[in-house]
Amino acid sequence: MPIKIQNDLPAREQLEKENIFVVDENRAMHQDIRPLSICILNLMPLKEDTELQLLRALSNTPLQIDVTFMRVSTHEAGHTSTTHLNSFYNTFDELKDNHYDGMIITGAPVEKMEFEEVDYWDELCQIFEWTKKHVTSTFHICWGAQAACYYHFGLKKIQLPQKLFGIYAHKVLNRKVPLIRGFDDVFYIPHSRYTSVPIDDIHKCNKLVVLAESYEAGAMLCMTKDGRQIFSFGHAEYDRFTLDSEYKRDAKKGLGTPLPRNYYPDDNPNNKPRLTWRAHCNLLYSNWLNYYVYQATPYKWGQILDADNIVKASKALTEKTDNGK
Numbered sequence: 020m021p022i023k024i025q026n027d028l029p030a031r032e033q034l035e036k037e038n039i040f041v042v043d044e045n046r047a048m049h050q051d052i053r054p055l056s057i058c059i060l061n062l063m064p065l066k067e068d069t070e071l072q073l074l075r076a077l078s079n080t081p082l083q084i085d086v087t088f089m090r091v092s093t094h095e096a097g098h099t100s101t102t103h104l105n106s107f108y109n110t111f112d113e114l115k116d117n118h119y120d121g122m123i124i125t126g127a128p129v130e131k132m133e134f135e136e137v138d139y140w141d142e143l144c145q146i147f148e149w150t151k152k153h154v155t156s157t158f159h160i161c162w163g164a165q166a167a168c169y170y171h172f173g174l175k176k177i178q179l180p181q182k183l184f185g186i187y188a189h190k191v192l193n194r195k196v197p198l199i200r201g202f203d204d205v206f207y208i209p210h211s212r213y214t215s216v217p218i219d220d221i222h223k224c225n226k227l228v229v230l231a232e233s234y235e236a237g238a239m240l241c242m243t244k245d246g247r248q249i250f251s252f253g254h255a256e257y258d259r260f261t262l263d264s265e266y267k268r269d270a271k272k273g274l275g276t277p278l279p280r281n282y283y284p285d286d287n288p289n290n291k292p293r294l295t296w297r298a299h300c301n302l303l304y305s306n307w308l309n310y311y312v313y314q315a316t317p318y319k320w321g322q323i324l325d326a327d328n329i330v331k332a333s334k335a336l337t338e339k340t341d342n343g344k
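Residues in the sequence shown are numbered consecutively from 20, following this note's numbering.
In short, the hints are calculated from the structure, not lab data.
Check each hint, because a few of them may be wrong.
List of simulated lysine to aspartate or glutamate pairs, EDC-like, C-alpha gap at most 16 Å [to be verified]:
1. K176 / E133
2. K151 / D245
3. K176 / D220
4. K175 / D219
5. K175 / E136
6. K151 / D116
7. K176 / D219
8. K195 / E133
9. K175 / D220
10. K115 / D141
11. K190 / D203
12. K182 / E265
Quick list of the computed label-pair ranges, beta carbon to beta carbon [to be verified]:
13. T101 / K226: 37 to 43 Å
14. D285 / S92: 45 to 51 Å
15. N290 / K223: 38 to 44 Å
16. K151 / D112: 16 to 22 Å
17. K152 / H222: 35 to 41 Å
Glycine included, C-beta positions come from ideal geometry on N, C-alpha and C.
Model the full assembly from the supplied sequences, consistent with the hints where possible.
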């Protein structure tokens with residue numbers, strides 16, 4: 020099934036080249052289907068790259084997805100044209116009366132700053148609070164996950180000795196939880212960050228369940244027990260060359276960024292990077308869409324299930340999952 024996007028979104032051409040089924044607004048209007056409504060708050064500087072990565076990740080289910088892009092109004096984007104933003108993005112004020120089946124809040128390159136120092140922090144807090152009543156399930160990525168853990172649970176981040184950068188192995192915990200159904204015992208996901216939420220603090224938070232962690236990279240995936248809030252501290256959505264671009268960008272700036280771990284064959288940046296995480300990226304987003312958005316959301320928009328009913332639905336889904344095998 021297709022992803023519904025705006026008629027002229029630049030990512031469409033590349034998605035079609037990859038045989039990903041997209042449908043424009045005009046065609047979608049003539050289909051008698053209730054698509055899932057997904058809002059993406061894109062805080063990344065290279066917004067078009069992130070759009071493409073996330074649309075790829077959302078394209079691997081038989082569900083029709085209607086995507087809306089949101090931006091913050093209290094920060095001026097410096098790496099994306101005004102024309103693109105005006106054509107394909109809406110502000111929070113323009114969308115705050117809507118309800119969404121799912122939402123994705125991306126990372127942002129502001130990790131070294133305290134949360135309260137970020138110029139759009141107050142607006143982001145409004146969005147975090149708004150999701151509680153307007154979104155069935157929200158998926159937070161990297162800095163977005165750290166910021167949400169701080170806002171919702173008071174979990175503080177810490178500065179790392181050096182940038183956590185590369186592809187890291189993670190082990191699966193709580194296998195019965197549907198979000199990681201089908202995962203291998205060990206799987207690989209990219210990380211690119213200067214800060215971390217201590218894994219012991221996450222384990223001690225009785226409102227969170229840790230689903231995957233790494234000896235080197237710490238927590239990778241956790242969620243609230245009702246599935247309304249998902250937190251991914253890595254970048255499963257990254258494509259093959261994203262870390263390569265970041266490394267070479269940092270090298271030109273003389274930042275001393277370490278070579279990405281477990282990424283280049285023979286640790287040679289002139290070699291084509293290995294792509295070792297795509298299957299688990301696709302599985303992660305498919306599980307989220309299926310179990311925590313599609314099967315949890317009401318048919319009529321605006322009728323967000325209460326917490327008790329979501330917990331019951333999550334337990335029922337868990338009992339269906341191969342008894343943890």
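Quick rundown of the hints versus the structure:
{"no.": "1", "hint": "K176 / E133", "result": "holds, 9 Å"}
{"no.": "2", "hint": "K151 / D245", "result": "holds, 12 Å"}
{"no.": "3", "hint": "K176 / D220", "result": "holds, 10 Å"}
{"no.": "4", "hint": "K175 / D219", "result": "holds, 12 Å"}
{"no.": "5", "hint": "K175 / E136", "result": "holds, 14 Å"}
{"no.": "6", "hint": "K151 / D116", "result": "holds, 13 Å"}
{"no.": "7", "hint": "K176 / D219", "result": "holds, 12 Å"}
{"no.": "8", "hint": "K195 / E133", "result": "violated, 36 Å"}
{"no.": "9", "hint": "K175 / D220", "result": "holds, 9 Å"}
{"no.": "10", "hint": "K115 / D141", "result": "holds, 15 Å"}
{"no.": "11", "hint": "K190 / D203", "result": "holds, 8 Å"}
{"no.": "12", "hint": "K182 / E265", "result": "holds, 12 Å"}
{"no.": "13", "hint": "T101 / K226: 37 to 43 Å", "result": "holds, 40 Å"}
{"no.": "14", "hint": "D285 / S92: 45 to 51 Å", "result": "holds, 46 Å"}
{"no.": "15", "hint": "N290 / K223: 38 to 44 Å", "result": "holds, 42 Å"}
{"no.": "16", "hint": "K151 / D112: 16 to 22 Å", "result": "holds, 18 Å"}
{"no.": "17", "hint": "K152 / H222: 35 to 41 Å", "result": "violated, 28 Å"}
Hint check: violations occur at hints 8, 17; the rest are consistent with the structure.
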